[in-house]
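A.B. asks: When you get a sec, could you build the whole thing from the sequences and use the hints?
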Amino acid sequence: MDVIGERWLGALRSHQRGLPQPVAIAMVEAVGKAPLGDDLRKIEDALIHLETADLQEITGSEARVLVAILRQMDDELTQLETRLNYLWEKP
Numbered sequence: 001m002d003v004i005g006e007r008w009l010g011a012l013r014s015h016q017r018g019l020p021q022p023v024a025i026a027m028v029e030a031v032g033k034a035p036l037g038d039d040l041r042k043i044e045d046a047l048i049h050l051e052t053a054d055l056q057e058i059t060g061s062e063a064r065v066l067v068a069i070l071r072q073m074d075d076e077l078t079q080l081e082t083r084l085n086y087l088w089e090k091p
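Following our numbering, the numbering of the sequence shown begins with 1 at its first residue and continues without gaps.
FYI, nobody ran anything at the bench for these hints, they're computed from the structure.
Note that the structure is predicted; figures quoted are calculated from it, not measured.
Cβ atoms here follow ideal geometry from the backbone N, Cα and C, with glycine treated the same way.
Accuracy of the hints is not assured; some may be wrong.
Simulated DEER-style distance windows between Cβ atoms [claimed, not checked]: (1) Asn85 - Leu55: 28 to 38 angstroms; (2) Ala53 - Leu77: 29 to 39 angstroms; (3) Ala68 - Lys42: 14 to 24 angstroms; (4) Leu19 - Leu47: 15 to 25 angstroms; (5) Asn85 - Asp39: 17 to 27 angstroms; (6) Glu51 - Val31: 34 to 44 angstroms; (7) Ala46 - Glu81: 10 to 20 angstroms; (8) Gln21 - Val65: 38 to 48 angstroms.
C.D. replies: See below:
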């Protein structure tokens, strides 16, 4: 499993603590092979890049734009999470 797969596995295990390791690995591998897996991988690649970027080298204007974009993305991701929870975690 690559770095991104390990990140996904860690996220899944922290979100669903009682999930057996082999099941969690199979779930992560299935997502990696699914059409949405490519999109998620691109997001992860971008996050890894941003996490390692030297943010002290950007200008104040760039920082303000980056913060605005990150806030918008956070809002959009929260909406997506809400939709997924509604569709798949019904009582």
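A.B. asks: Indicate, hint by hint, whether the structure satisfies it.
C.D. replies: Now the hints, each set against the structure:
1. Asn85 - Leu55: 28 to 38 angstroms: holds (32 angstroms)
2. Ala53 - Leu77: 29 to 39 angstroms: Between Ala53 and Leu77, where Cβ atoms are some 20 angstroms apart, the hint is violated.
3. Ala68 - Lys42: 14 to 24 angstroms: For Lys42 against Ala68, whose Cβ atoms are near 21 angstroms apart, the range 14 to 24 angstroms holds.
4. Leu19 - Leu47: 15 to 25 angstroms: holds (23 angstroms)
5. Asn85 - Asp39: 17 to 27 angstroms: holds (19 angstroms)
6. Glu51 - Val31: 34 to 44 angstroms: violated (21 angstroms)
7. Ala46 - Glu81: 10 to 20 angstroms: holds (18 angstroms)
8. Gln21 - Val65: 38 to 48 angstroms: Given about 41 angstroms between the Cβ atoms, the range holds.
Of the numbered hints listed earlier, those contradicted by the structure are 2, 6.
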